[in-house]
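Protein chains: 2
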Amino acid sequence: MTNPVQQAIENRISAHRYVDGPLLDDARILALVEQATRAPSAYNMQNWRFIAVRSQDAKARLQAVAYGQQKVLDAAVAFIVCGTLAAHRQLATALQPSVEAGTLSQRTADAWVAQAIQAHEGDVQLQRDEALRSASLAAMTLMLAAQGEQLGSCAMVGFDALALHQAFGLAPHEVPVLLVTVGYPTADQLPQKPRKPVHEVLEIL
Amino acid sequence: MTNPVQQAIENRISAHRYVDGPLLDDARILALVEQATRAPSAYNMQNWRFIAVRSQDAKARLQAVAYGQQKVLDAAVAFIVCGTLAAHRQLATALQPSVEAGTLSQRTADAWVAQAIQAHEGDVQLQRDEALRSASLAAMTLMLAAQGEQLGSCAMVGFDALALHQAFGLAPHEVPVLLVTVGYPTADQLPQKPRKPVHEVLEIL
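Residue numbers (the numbering used here), protein chains in the order written: chain A, 2 to 206; chain B, 2 to 206.
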């Protein structure tokens, strides 16, 4: 028997065409991003930011830096999922709610902050890895959250990162990691693409 | 009303302690990884590999390169999720099943391969980004798949990548991106850590 999460994972496709017209209201966008932020991140850094591109004007701007891809315009909303560099510098703030909730002692929080600063400060590659990692974990959660809401989605790496950075005024420490379109797919979608046989990518020790 | 996927996303915690003893058999490990490989990847590259560390001996080796963390030993299985560099070189092979299934024309497959080679060959940072991104998307799917199977999981970046590389004989083009422990959590887990308020990480345009 297939459980509902497995069903969502197996039924998710990369939706390349969307019914043009219906948008998502603020409440639904918030609900999706709220779920995305449930993804784990190193030290609970939450080193991510989401830009929900919904207006025609903003979509046109995004399409222009995404090689003209039509689905950016047709989707109900297109998310720019950013990872954050130098996240260790704001870790103390990110952990404060955990300390207040009593799930993390101040002493452990302080130790994590010291450890993160030691590891990340001066290691530009690690900072970038961490931005890519956290934003991707959140983006995958976002896509499955959309699937759970009976919406379609598509992850896209086809964009000009530098141009996007300028067009949307990203901060210097923000890295656009993925675009995720979300909306109502048309009926004529291709099935999920076949994958390599599992034994080719799995070793059990 | 909360849908089952949302429930899984909201109920997932980082399980730091596991009931010592029960393992996962090959079939269950295969089923989890099969779900993980349903994650999307650029051009459907599937630039990932999973090492399921289950035996006592292999777990001890992993613990030694993961700063002695006990949960590596106690979990039913600990996955090393690797991303693959230079994935464009094996893209033609990865796409062959899609061509055979008729969901991708040979012409489009050839165009993708040419495009990927042009973009990735010689761009070491893009290759690493892609490895981080794909492996993280797959790792998140793996954790939610585990949740769907009523198992606990924990993502870990606390490991010595170089030492792990040697201890497990990874290929030069393989990057260990995340460890994911999976198993039966003890009853004394902390709740999911609080997150920043959504409005701090979301902008709607």
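In short, the hints are calculated from the structure, not lab data.
One or more of the hints may lead you astray.
Since copy identity is lost for identical chains, a pair holds within one copy or between any two.
Stated by the list, open to error - Listed next, the in silico SDA-like pairs over lysine to any residue satisfying Cα-Cα at most 20 Å (straight line): (1) LYS60 - ASP26; (2) LYS60 - ALA168; (3) LYS194 - GLN116; (4) LYS60 - PRO23; (5) LYS60 - ARG90; (6) LYS197 - VAL100; (7) LYS197 - ALA93; (8) LYS194 - ARG39; (9) LYS197 - GLY123; (10) LYS60 - LEU171; (11) LYS194 - ALA93; (12) LYS194 - ARG129; (13) LYS197 - GLY159; (14) LYS197 - ALA117; (15) LYS197 - ASP58; (16) LYS194 - GLN7; (17) LYS197 - GLN151.
Going down the list of hints, with the structure as the test:
1. Proximity of LYS60 to ASP26 under the C-alpha cut-off of 20 Å is restricted to the intra-copy arrangement: shortest distance 16 Å within a copy versus 48 Å between copies.
2. In the homo-oligomer, the alpha carbons of LYS60 and ALA168 lie at most 20 Å apart inside one protomer (11 Å), although the nearest pairing across protomers, at 48 Å, exceeds that limit.
3. In this homomeric assembly, LYS194 and GLN116 come within 20 Å of each other (Cα to Cα) only across copies, at 19 Å, whereas the closest approach inside a single copy is 42 Å.
4. For a Cα distance limit of 20 Å, the shortest separation of LYS60 from PRO23 inside one copy, 14 Å, qualifies, whereas the shortest one across copies, 51 Å, does not.
5. In this assembly of identical chains, LYS60 and ARG90 lie within 20 Å of each other by CA distance neither inside one copy nor across copies; the values are 32 Å within and 34 Å between.
6. Taking identical chains as interchangeable, the C-alpha atoms of LYS197 and VAL100 lie at most 20 Å apart only when they sit on different chains, with a minimum of 13 Å there against 44 Å within one chain.
7. Taking CA atoms no more than 20 Å apart as the test, LYS197 paired with ALA93 passes between copies only; the shortest distance there is 12 Å, against 42 Å inside one copy.
8. For a Cα distance limit of 20 Å, the shortest separation of LYS194 from ARG39 across copies, 9 Å, qualifies, whereas the shortest one inside one copy, 27 Å, does not.
9. Taking the closest pair of Cα atoms, LYS197 and GLY123 never come within 20 Å of each other, the shortest separation being 39 Å inside a single copy and 26 Å across copies.
10. Only within a single protomer do LYS60 and LEU171 lie at most 20 Å apart by alpha-carbon distance; the minimum there is 16 Å, versus 42 Å between protomers.
11. With identical chains, the CA atoms of LYS194 and ALA93 are at most 20 Å apart between copies only, with a shortest distance of 14 Å across copies and 42 Å within one.
12. Taking the shortest alpha-carbon separations for LYS194 and ARG129, neither the intra-copy value of 29 Å nor the inter-copy value of 24 Å comes in at or below 20 Å.
13. Taking identical chains as interchangeable, the C-alpha atoms of LYS197 and GLY159 are never at most 20 Å apart, the minima being 23 Å within one chain and 29 Å between chains.
14. For a Cα distance limit of 20 Å, the shortest separation of LYS197 from ALA117 across copies, 19 Å, qualifies, whereas the shortest one inside one copy, 37 Å, does not.
15. Taking the shortest Cα distances, LYS197 and ASP58 never come within 20 Å of each other, neither inside one copy (40 Å) nor across copies (29 Å).
16. Taking the shortest Cα distances, LYS194 and GLN7 sit within 20 Å of each other inside one copy (16 Å), while across copies they are farther apart (25 Å).
17. In this homomeric assembly, LYS197 and GLN151 never come within 20 Å of each other (Cα to Cα): the closest approach is 27 Å inside a single copy and 26 Å across copies.
Hint violations for this structure: numbers 5, 9, 12, 13, 15, 17, all remaining hints satisfied.
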